[in-house]
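Colleague: The sequence shown begins at 1 in UniProt numbering and counts up by one.
I should point out that these hints are in silico values taken from the structure, not numbers from a laboratory. Some clues are possibly wrong.
[As the list claims (entries may be wrong)] Simulated DEER-style distance windows between Cβ atoms:
1. Glu171 x Glu404: 51 to 61 Å
2. Glu404 x Pro103: 40 to 50 Å
3. Arg330 x Gln49: 56 to 66 Å
4. Asp503 x Thr346: 22 to 32 Å
[What the hints assert, rightly or not] EDC-like, lysine to aspartate or glutamate: derived pairs with alpha carbons at most 16 Å apart:
5. Lys337 x Asp69
6. Lys306 x Asp263
7. Lys482 x Asp470
Because the structure is a prediction, the values reported are computed rather than measured. Note that beta-carbon positions come from the ideal geometry of N, C-alpha and C, so glycine has one too.
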Amino acid sequence: METTAKHSEKVTPVYEPAYAYQAGLAHGIFSPFEPGTRILPKGYQVDPQFMPLPVDIVFDKDVAVTLRDGAVIYVDVFRPVGSEKVPVIIAWSPYGKSGGTAPKTTGLFNMLGLDNGMLSGLAKFEGPDPAYWCAQGYAVCNPDARGIANSDGDIAMIGTQEGRDCHDLIEWLAVQEWCNSKVAMSGTSYLAFSQWFTAAEQPPHLAAINPWEGLSDGYRDLTTRGGMPDLNFTKRLEVNHVGKGKREDVYAEAIRYPLANNDLWDDKIPKFDRITVPAYVVASYSNTLHTAGTFRAWRRMASTEKWLRIHNTQEWPDYYEEANKEELRRFFDHYLKGEDNGWEITPRVRYAVHDFEGGDLINQPAGEFPPVDVVSQTYYLNGRSRSLTTEAPAQEVPVVYDAEAEPGLASFTIRFDRETVLVGYPKAHLWVEAKGTDDMDLFILVQKLDVRGNHLQQFIVPNQGALMQDLTERGGSVLRYKGSNGRLRVSARHLDETLSTADVPAHSFDRVEKLQPDEIVDIEIDLFPIGMAFYPGEQLRLVVSSRNDLGAIMPGTPGYVPDNKGQHIIHTGGSHASYLQLPVKPV
Numbered sequence: 001m002e003t004t005a006k007h008s009e010k011v012t013p014v015y016e017p018a019y020a021y022q023a024g025l026a027h028g029i030f031s032p033f034e035p036g037t038r039i040l041p042k043g044y045q046v047d048p049q050f051m052p053l054p055v056d057i058v059f060d061k062d063v064a065v066t067l068r069d070g071a072v073i074y075v076d077v078f079r080p081v082g083s084e085k086v087p088v089i090i091a092w093s094p095y096g097k098s099g100g101t102a103p104k105t106t107g108l109f110n111m112l113g114l115d116n117g118m119l120s121g122l123a124k125f126e127g128p129d130p131a132y133w134c135a136q137g138y139a140v141c142n143p144d145a146r147g148i149a150n151s152d153g154d155i156a157m158i159g160t161q162e163g164r165d166c167h168d169l170i171e172w173l174a175v176q177e178w179c180n181s182k183v184a185m186s187g188t189s190y191l192a193f194s195q196w197f198t199a200a201e202q203p204p205h206l207a208a209i210n211p212w213e214g215l216s217d218g219y220r221d222l223t224t225r226g227g228m229p230d231l232n233f234t235k236r237l238e239v240n241h242v243g244k245g246k247r248e249d250v251y252a253e254a255i256r257y258p259l260a261n262n263d264l265w266d267d268k269i270p271k272f273d274r275i276t277v278p279a280y281v282v283a284s285y286s287n288t289l290h291t292a293g294t295f296r297a298w299r300r301m302a303s304t305e306k307w308l309r310i311h312n313t314q315e316w317p318d319y320y321e322e323a324n325k326e327e328l329r330r331f332f333d334h335y336l337k338g339e340d341n342g343w344e345i346t347p348r349v350r351y352a353v354h355d356f357e358g359g360d361l362i363n364q365p366a367g368e369f370p371p372v373d374v375v376s377q378t379y380y381l382n383g384r385s386r387s388l389t390t391e392a393p394a395q396e397v398p399v400v401y402d403a404e405a406e407p408g409l410a411s412f413t414i415r416f417d418r419e420t421v422l423v424g425y426p427k428a429h430l431w432v433e434a435k436g437t438d439d440m441d442l443f444i445l446v447q448k449l450d451v452r453g454n455h456l457q458q459f460i461v462p463n464q465g466a467l468m469q470d471l472t473e474r475g476g477s478v479l480r481y482k483g484s485n486g487r488l489r490v491s492a493r494h495l496d497e498t499l500s501t502a503d504v505p506a507h508s509f510d511r512v513e514k515l516q517p518d519e520i521v522d523i524e525i526d527l528f529p530i531g532m533a534f535y536p537g538e539q540l541r542l543v544v545s546s547r548n549d550l551g552a553i554m555p556g557t558p559g560y561v562p563d564n565k566g567q568h569i570i571h572t573g574g575s576h577a578s579y580l581q582l583p584v585k586p587v
């Protein structure tokens with residue numbers, strides 16, 4: 001049975017009253033509305049837990065900026081003292097412009113083992129630190145986006161409206177008397193994906209962007225990954241929507257409009273073909289919220305001057321690491337100051353390879369991703385031996401598990417007899433059937449096992465103590481890397497033929513195709529890109545599960561609980577030869 005709605009149907013966004021905003025410590029030390037300019041002297045400390053300022057900084061607080069529709073937003077600008085004109089870096093998000101000193105931010109960093117003393121307290125949450133950038137001859141602009149705090153208007157979440165608003169801010173900044181007319185954007189998470197939408201608006205004075213891990217599709221990456229309505233983190237994000245107007249309720253929109261067949265969800269995908277500005281993109285394999293979107297944007301954006309670095313930790317420690325800040329400065333110096341510093345010969349791609357045993361490789365150079373010498377290798381599922389083999393089993397053997405009982409999964413392994421390195425995009429192609437139900441939520445995990453069969457994992461934040469062990473045992477998936485993963489609701493299996501490739505399947509999510517009794521269907525599941533080394537005797541385990549074993553994205557957020565029923569059948573061999581496709585790099 002198939003139900004399909006017309007593609008790009010016009011629908012009505014859902015708006016609710018914004019959460020109340022009241023300036024105070026909860027929103028940061030500088031949250032009171034105090035328009036004016038002051039000098040923060042060298043050595044000044046916002047609070048004892050933060051580092052002293054290395055230079056004098058001009059602080060323009062609560063500056064009014066009028067957008068094209070007349071709405072006024074308020075921004076803080078930090079800039080070097082002196083008469084020299086400087087470029088400016090924008091940190092765009094709904095996370096209040098003084099939120100870097102809010103207890104929820106400092107407490108989060110403490111929990112993760114990050115030292116708040118590495119920052120000045122002037123940085124917006126997940127944004128560039130003015131203390132560093134002003135010392136390097138840059139200004140930093142922290143805006144309160146439309147509808148946030150004292151800014152006018154209603155809060156939009158992910159989409160064209162934010163891109164247009166930031167376009168207007170860029171053009172306003174470019175003509176300020178202290179600006180050299182060059183504007184850039186930088187930051188992680190929300191501060192990264194807002195850059196896709198802004199760059200697509202092509203503001204004339206946007207000179208470069210630096211998206212440091214950020215989703216690029218509000219439906220596929222945030223609310224409905226794999227066709228499953230996983231909305232708990234969406235609700236958590238909306239708590240930041242504080243102001244005097246209304247806020248877009250994306251949580252409610254996902255419930256009201258469960259298919260991606262309308263203009264609302266279309267608007268939450270950037271127009272990648274309009275992103276032409278120079279870009280330095282940073283990604284990881286392990287971020288269960290951002291990885292897929294960062295790589296998607298990297299593949300599809302039209303910029304001819306674009307660089308990709310794939311690191312092996314979590315985005316916040318990576319973003320604030322001294323060497324990485326210095327490298328970003330080289331990129332910005334080249335495009336915002338016109339310095340001939342050799343940036344253009346930086347390898348277009350540098351990737352990491354995890355080994356989970358302390359021997360990770362980083363900054364491996366390549367001209368593209370995956371590297372040109374990577375070969376897609378097919379490993380077939382063998383239901384009889386529960387192994388992965390390079391030849392398809394002649395005999396068909398189904399593997400059955402009860403979706404409502406332990407263990408609720410089926411796995412297949414291969415032991416490598418020589419060093420094997422995977423770099424690129426894995427995918428699973430499965431033949432599946434359901435008994436006692438008409439749908440299946442499937443969760444895929446590619447694990448690394450040591451020679452004794454133990455599952456290897458890797459903490460990607462500094463704190464690796466008992467608390468972090470607890471928080472990431474069945475959740476906090478962005479903080480502990482357990483392997484390449486994917487998920488798919490089988491009724492959402494329809495592929496978008498225009499976007500799918502041999503390595504990366506893309507689903508349309510514009511229809512529901514329920515399973516009929518005794519119906520066997522083939523599905524393709526895109527898995528997160530991978531960089532993983534296996535040494536002789538080590539094993540790869542493919543897990544097909546009825547449960548969300550990785551749990552929620554962040555601690556304190558409930559994980560998605562599938563409503564699986566009956567039995568799941570994974571067909572292997574013969575005319576239903578399911579397989580795992582892996583990107584193998586010659587060693």
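Colleague: Against this structure, judge whether each hint is valid.
Modeller: So, going through the hints one by one against the coordinates:
| no. | hint | result |
| --- | --- | --- |
| 1 | Glu171 x Glu404: 51 to 61 Å | holds (57 Å) |
| 2 | Glu404 x Pro103: 40 to 50 Å | holds (42 Å) |
| 3 | Arg330 x Gln49: 56 to 66 Å | violated (30 Å) |
| 4 | Asp503 x Thr346: 22 to 32 Å | holds (25 Å) |
| 5 | Lys337 x Asp69 | violated (32 Å) |
| 6 | Lys306 x Asp263 | violated (29 Å) |
| 7 | Lys482 x Asp470 | holds (15 Å) |
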